[in-house]
Amino acid sequence: MEQEVRSRKALEWDLSKSPVRELNNYLHHGLAQDGVEEVRVLNPDGAHHIAVGLDTPVKVEVMGNAGYYVGGMNKQAEITVHGSAGWSVAENIMSGVVRIEGYVSECAGASGHGGLLVIEKDASSRCGISMKGNDIVVGGDVGHFSAFMAQKGYLVVCGDAGDGLGDSLYEAVIYVRGEIKSLGADAQEEPMTDEDYVVLAGLLECAGFDDYRPEEFKRVASARKLYHWNSEHDQEY
Amino acid sequence: MTDKPDGEVDHALQENDAVTHGGQESFLYNRDVQAWVRKAANRGIYDIRGMGAKRKVPHFDDLVFLTASASRYPLEGYRERCETRTVLGSRNAKRPLELDTPITIAGMSFGSLSANVKEALGRGASAVGTSTTTGDGGMTDEERRSSKMLVYQCLPSRYGFNPDDLRRADAVEVVIGQGAKPGGGGMLLGQKISERVASMRTLPAGIDQRSASRHPDWTGPDDLTIKIEELREITDWEIPIYVKIGATRVENDVKLAVKAGADVVVVDGMQGGTAATQDVYIEHAGIPTLAAVVQANAALEELDVKGEVQLVVSGGIRTGADVAKAIALGADAVSIGQAVLLALGCNDHVWYKDGKTPVSAAEDYEKLGTRPGLCHHMQTGRCPVGITTQDPELEKRVDPEWGAKRLRNYLQVLNMEVATLARACGKSDVHHLEREDLVALTIESAAMAKVPLAGTDWIPGVTGF
Amino acid sequence: MCGIVGLLIKDPDKRELLGRLGTEMLEGMATRGRDSAGLAAYTDEVEEEDARKFSLYAPGGSFDWRAFAGGMQDHLDREVTFEANGNHAVVVPHGLAETAWRWVVEEHPEVSLLSVGRSIEVYKDTGHPADIAERYGFRDLVGSHVVAHTRMATESAVTWAHAHPFTVGEDFCLIHNGSLSNPNNLRRMLQRRGMHFDTDNDTEAAARFLEWRLREGDDLEAAIEAGFEELDGFYTFLIGTKDELALVRDPFACKPAVAAETDDYVAIASEFRSLAYLPGINDADVFEPGPEEIFVWNKKSVAAKR
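Protein chains in written order, with the numbering used here: chain A, 5 to 241; chain B, 1238 to 1702; chain C, 6 to 311.
Any given hint might turn out to be false.
Said to hold, decoys possible - Computed cross-link-like contacts, DSBU-like style, restricted to lysine-lysine with a CA-CA straight-line distance of at most 35 Å:
| # | chain 1 | residue 1 | chain 2 | residue 2 |
| --- | --- | --- | --- | --- |
| 1 | C | K19 | A | K125 |
| 2 | A | K156 | B | K1633 |
| 3 | B | K1385 | A | K79 |
Rather than coming from a laboratory, the hints here were simulated on the basis of the structure. Bear in mind that the values here come from a model prediction, so they are computed numbers and not experimental data.
Same shape as in the complex, but just chain A:
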């Protein structure tokens, strides 16, 4: 592996010379030994699986567009994509931060347990599907079926939300600033509480979205009618 080490702390990795598999291997094992604290990934060109399964507090800067699963199952690391990303960004994220400066494709932040995902432009459909405790902040719009079956965590949408928002929602909470095309089964709009404003302000600050104020947002949460099925209630299964 011939990669330039700019200083003891930062490393440049050129994916056009050494493939993703070697990069991930290095990030999993070699990094700790070298004492490297930051890795700049050059020429990503939409490759899949960049920086997956990390478990160290390293900074990874992806200089371009990432493919599917960037930051998948992330722990501790701070990953920034200076471009767009494909499906399932930061899926199953456990902790740490993944930030995408451009657009992301479907299933962003799927099934995460902790940590933060920030998407500066639009996310596509199923953003936050099956969330289990992670937080997602989207600067633009989210597509249909976002937060589908979301169990725990916060999804913040600074733009508009597509159809079926929060379908089959559990205890996750969604804050939406723009229009909601339609709510999913068992999702309802609720008044914002003082606690909501505090939580939301914190998330917007972490995301670096200073232009938006918590007062501009609506709260969407579970109506909890699917929690206990009732034969009299005409519920649809």
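Using the hints provided, position chains B and C relative to the given structure of chain A.
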């Protein structure tokens, strides 16, 4: 004729009615169907139960082996070695699974099973040198500690799925479906989530269970290819990736799984069990394991990956004969779920205090509206013998050490039976069993298994009409 | 099933870019499908009223296209031009196209029709997409728009005939990523209405459905709308007509599609990585169609309407 509270019919009374009143029972609208309709009209909710398909379908029992004869010489038992060693996942992984037997333990969740049982499974499996599999709900420390080889399931729900457990697993099994409910998911109405299960799954306790039918982050084999790659990247290509399917369009699905990169394909027939799902799925979706293993094997042969990609078959594997026949028809290994629970006392009329003293469980079966031998009530979590339960009192009824020994004994018997049959067919390795060692006792099983009807050359649809 | 690619060059003076960029996009999709690939390009339009371009296929690799074209020319007493490449050829009778086709069916039953139209050319074959692109010189194609596909077989066999794009009628082709769940009933319904099927592929069922709607007088958008009711399952469709490129996703929108639009082009692919190398991609408007959202780009008006 009376219906018991749970809708089960008192058959004893029925018998008399038919005789004394001279009315012939309708085949279509028999007493069971009548009781079912009344139950539906009463409750307005569908049936949920555990176990697999109960009805009779063609199975391995319909096949028999052509063992040693004048032209085929048997091996001596005990002196002439019959190899049962099995390797799974040699295609891509740096560390394939090396088992001492072709019999593995199928995925069953902690949540449906108690912690004690999971530990017993781990220890018993390790004692015979085979693997266990986690289920919907994730990996417990008990199971990881007790099981030498642990396969980690990646399911649509992703409950508890995390990279640390992934990294300490010996293999990953991406579950597309299972035999009991291929294509299923949906609402398990009335299945309340207990406290411990709730915390493991990040759900509120006491609510109805919802089950995802598709994976959250991929749909379709082209995207599965990419998901499998991701799992490999996270685990540094060390461990094998299995893909499990419920048996429906088996030939297509197996081919797709292979093309998507699976190292091992697991095919689960309609007889496969479950802890809780809608009865309508269990009985009316999926094809028999006998038909599935043949189609799966044909798919691997057509893609010319026999020996490269392994096939594990499950769904109604109970005896050494089942195992041997599955292998003869092309499986590299089998996976057992329901029968393993039977070995631990499922449906037994007693449980064993401290692993020694039998204590009657009859009353507890009655409370569930059933009796030993007929119970399928895993979904209640009130297992009379302490297996499918989270209740702290009930789960004490399975002593892990006792359970481990029972499992070890059972698997040992199966393994010996397979070797016995293989030796009798002149094989020094159970994996040398082949389909030509089998014939069928019925026309249906001959057609499904594509082996001749005993005493004839006839394979329906293949030779002749 | 697998990887879709679409490209429309907006500037009529930049149409030589079509082949080069289209091929790069296609090769970027090879990881989604390695069994076969196909491409439909809308290149120069034939001028004569009753002339047509036929994309033809003859198995074996040693078919004498020159003799074939000569035979057709003799029969028609009209000029017949052709460009051959192994087992594919684009043959243009400059008049009496109907007669020409009847002659092919009678005299050369071994030759299969890949497409017919005034502008369309179709190539499809089994093998790796990069090899196929090389074999048929995709890089040198000049035209307004292209629709291409890489495939991993799902419910029907890996054969040449099952490779996308599916062509029906004139200048019409369809590419499909996904899997329909009711293709058989659809096929039977269409067969009752007189449509003929070449394969049991679900994509052909969808293509013939649209062909039927167009025949019944629907425009492309109305035909696709009718499809939302009749077609069940998961699909992303990429459709080409003589002047149009269309993109649509089913009501679940589970199968991927990403589009990028600049002043110079509209590019569509299953994955962003296929678009990553395009010129000006960093400033492009990148978006994914929502469920049941229909996008149609007309090369003449190049406006997207929903």
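Okay, the hints, checked on the actual structure:
| no. | hint | in the structure |
| --- | --- | --- |
| 1 | C:K19 / A:K125 | holds, 31 Å |
| 2 | A:K156 / B:K1633 | holds, 33 Å |
| 3 | B:K1385 / A:K79 | holds, 26 Å |
Of the hints listed earlier, there is not a single one the structure fails to meet.
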